[in-house]
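Student: Residues per chain are reported as follows:
There are 2 protein chains.
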Amino acid sequence: MPELSSFQYNIVYNLMSLTVAGMGAAALFFFLSPGVDRKFKPALVVSGIVVSIACYHYVRILGSFEGSYASSGGGVYTATGKPFNDFYRYADWLITVPLLMVELVAVLALAKDESRKLLTRLAVAAALMIALGYPGEAAIGTGNDTVVWVWFVASMLPFLYIMATLFGTLTRATQTQPENVRSLLSLARLVVIVTWSFYPIAYVIGALGASSGTGRTAIQVGYTLADLTAKAGFGLVIYAIARAKSTGTEATVGQPRTA
Amino acid sequence: MPELSSFQYNIVYNLMSLTVAGMGAAALFFFLSPGVDRKFKPALVVSGIVVSIACYHYVRILGSFEGSYASSGGGVYTATGKPFNDFYRYADWLITVPLLMVELVAVLALAKDESRKLLTRLAVAAALMIALGYPGEAAIGTGNDTVVWVWFVASMLPFLYIMATLFGTLTRATQTQPENVRSLLSLARLVVIVTWSFYPIAYVIGALGASSGTGRTAIQVGYTLADLTAKAGFGLVIYAIARAKSTGTEATVGQPRTA
Chain L
1 MPELSSFQYN
11 IVYNLMSLTV
21 AGMGAAALFF
31 FLSPGVDRKF
41 KPALVVSGIV
51 VSIACYHYVR
61 ILGSFEGSYA
71 SSGGGVYTAT
81 GKPFNDFYRY
91 ADWLITVPLL
101 MVELVAVLAL
111 AKDESRKLLT
121 RLAVAAALMI
131 ALGYPGEAAI
141 GTGNDTVVWV
151 WFVASMLPFL
161 YIMATLFGTL
171 TRATQTQPEN
181 VRSLLSLARL
191 VVIVTWSFYP
201 IAYVIGALGA
211 SSGTGRTAIQ
221 VGYTLADLTA
231 KAGFGLVIYA
241 IARAKSTGTE
251 ATVGQPRTA
Chain S
1 MPELSSFQYN
11 IVYNLMSLTV
21 AGMGAAALFF
31 FLSPGVDRKF
41 KPALVVSGIV
51 VSIACYHYVR
61 ILGSFEGSYA
71 SSGGGVYTAT
81 GKPFNDFYRY
91 ADWLITVPLL
101 MVELVAVLAL
111 AKDESRKLLT
121 RLAVAAALMI
131 ALGYPGEAAI
141 GTGNDTVVWV
151 WFVASMLPFL
161 YIMATLFGTL
171 TRATQTQPEN
181 VRSLLSLARL
191 VVIVTWSFYP
201 IAYVIGALGA
211 SSGTGRTAIQ
221 VGYTLADLTA
231 KAGFGLVIYA
241 IARAKSTGTE
251 ATVGQPRTA
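Protein chains in written order, with the numbering used here: chain L, 1 to 259; chain S, 1 to 259.
Looking at chain L on its own, in the form it has when it is part of the complex (with noise of 0.2 Å):
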């Protein structure tokens, strides 16, 4: 690995460790996420776990980048031998992706055959997506750069695929939804689209400047902000579509609740 600025070291390291908080506020929020009807909690306890199983592997994260470098003084930082364990962030994702399917279909709250059907096809291709991915950033600074376009792009498919079925899910549901929700369906919908895209982009940075410190830097940078926003970010955006549902049912309709 790379040797590494003391601020390159530190941006890393503070940022995983603000990630950290990040990820176990959110959980509490989600957690106890006030104002949302009976109806919506599902779609918050989902949220919920995932952000907490994100707060775990980032304190696992962080523990293991602070023993992959040390200051060799002067303000540099270089490698100690023992690996950055890349693996903690894909066994994460292995986890959470299908599970931040399942938030978003439960909240748009489609027919049941409806939603079993997409969602099985969804949580098939992201743990696809993710387990073809591996392989390539394992080898990422290797010097085996056939091996890491290789998985990119064969994982590349079912991230396409994916985004391709939100997009059309997400854009379809807009148009059913009362009013006050539908530009927080929009909003859901560039969340994941701008959030997720940031994944390829840090891996391709990533591996074009593996050898570099700054190439190091950009892609841990790279996939800690993209987990904050598609995780924490998300789910925030969930809450407050429950939310909006939640005014809504009772404002618009005046249904007895059974909450």
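Any given hint might turn out to be false.
No copy is singled out in the list; a pair is fine if it fits within one copy or between any two copies.
Computed list of lysine to any residue pairs in SDA-like fashion (alpha-carbon distance at most 25 Å, straight line) [claimed, not checked]:
1. Lys117 with Asn180
2. Lys112 with Ala226
3. Lys117 with Asn14
4. Lys117 with Gly213
5. Lys117 with Val191
6. Lys41 with Ser64
7. Lys112 with Phe198
8. Lys112 with Phe29
9. Lys39 with Ser246
10. Lys82 with Leu15
11. Lys41 with Ala207
12. Lys39 with Phe29
13. Lys82 with Leu119
14. Lys39 with Ile53
15. Lys117 with Pro34
16. Lys112 with Glu3
17. Lys112 with Gln177
18. Lys82 with Gly143
19. Lys82 with Met156
20. Lys112 with Ile95
21. Lys117 with Gly35
22. Lys41 with Phe29
23. Lys112 with Thr165
24. Lys39 with Glu114
25. Lys82 with Leu62
26. Lys41 with Leu28
27. Lys82 with Asn14
These are calculated hints, taken from the structure and not from any lab test.
For chain L, the structure is supplied; the task is to place chain S on it using the hints.
Tutor: What follows is chain S alone, placed relative to chain L:
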């Protein structure tokens, strides 16, 4: 303990870490158990406790594994001399296996008298099974093969008794349940039988290959996958049964819910 390749070490290490996250996530989910009627909450609370205990033990198991091996360069991990503590698994099973029985019997909601008798028999058999298995497990790798196999056979007797009892009870219970629960109970029966079989298989493979890195890896991977499915996976089946029974109760009353 035999040396491990970097690949073998990482498989065991990463699977254990993933299990910490998976058990923790499952605990949160079971404790919150969205959409489940009050009546079935006890079964879900017990499920949550089981995976919480497992989460704690996997933190310890991971730490013990990490301490028992060190990278000696060239992609090889050698034993540090600090022994890997097998007892964490047995301590975990000693508490969680009787609770898994409670979980199952609770969700079946058998008549009270029947439940109590069944539970007592199953809990005693489970404690015996684990207590008899440990002396054999502790002897794996010491070269004392008689001890390894005598205790294995002793432990298999209560194991087979439990399997036969559960199989009979679950099969009988299936017949008196509503339609939508029946297939889930069959699934529960399948999960119990398949995942529980993993334990003796992992023991045998581990005992036969105790002097090789492959054998060491196989026993750890086997036990870990078995724990994940027998605790978190089984809990999900229990959740599905409770959820189906909850909806079922309400549907007959005439209140179609869309949660």
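Student: When Cα atoms must be at most 25 Å apart, do Lys112 and Phe29 count as within-copy, between-copy, both, or neither?
Tutor: Answer is between: at 21 Å across copies they meet the 25 Å cutoff, but 27 Å inside does not.
Student: One pair to classify: Lys39 and Glu114, alpha carbons no more than 25 Å apart. Within, between, both, or neither?
Tutor: within (18 Å within a copy, 29 Å between copies)
Student: Quick one: Lys112 to Gln177, C-alpha cut-off 25 Å, is that within a copy, between copies, both, or neither?
Tutor: Answer is both; intra-copy 17 Å and inter-copy 23 Å each pass.
Student: At 25 Å max between alpha carbons, let me know whether Lys39 reaches Ser246 within a copy, between copies, both or neither.
Tutor: Both: 8 Å inside a chain and 15 Å across chains, each within 25 Å.
Student: Please work out whether the CA atoms of Lys41 and Leu28 approach to 25 Å or closer within one copy, between two copies, in both situations, or in neither?
Tutor: both (13 Å within a copy, 13 Å between copies)
Student: Can you give me the call for Lys82 and Leu119, within, between, both or neither, at a CA distance of at most 25 Å?
Tutor: Intra 39 Å, inter 46 Å, cutoff 25 Å: neither.
Student: Classify it for me, Lys112 with Ala226: is the Cα-Cα distance of at most 25 Å met within a copy, between copies, both or neither?
Tutor: neither (31 Å within a copy, 31 Å between copies)
Student: Is it within, between, both, or neither for Lys82 and Met156, if the alpha carbons may be no more than 25 Å apart?
Tutor: neither (30 Å within a copy, 42 Å between copies)
Student: Which holds for Lys82 with Asn14 at a C-alpha limit of 25 Å: within a copy, between copies, both or neither?
Tutor: For Lys82 and Asn14, both the intra-copy (20 Å) and inter-copy (15 Å) Cα distances are at most 25 Å.
Student: Since the copies are identical, ignore which copy is meant and state whether Lys112 and Phe198 lie within 25 Å (CA to CA) inside a copy, between copies, both or neither.
Tutor: Neither. Shortest intra-copy (32 Å) and inter-copy (34 Å) distances fail the 25 Å Cα cut-off.
Student: 25 Å Cα cut-off: does Lys112 pair with Ile95 within a copy, between copies, both or neither?
Tutor: within (23 Å within a copy, 38 Å between copies)
Student: At most 25 Å between alpha carbons: which applies to Lys82 and Leu62, within, between, both or neither?
Tutor: both (14 Å within a copy, 17 Å between copies)
In the structure shown, a violation is registered for the earlier hints numbered 2, 3, 4, 6, 7, 11, 13, 16 and 19, in ascending order.
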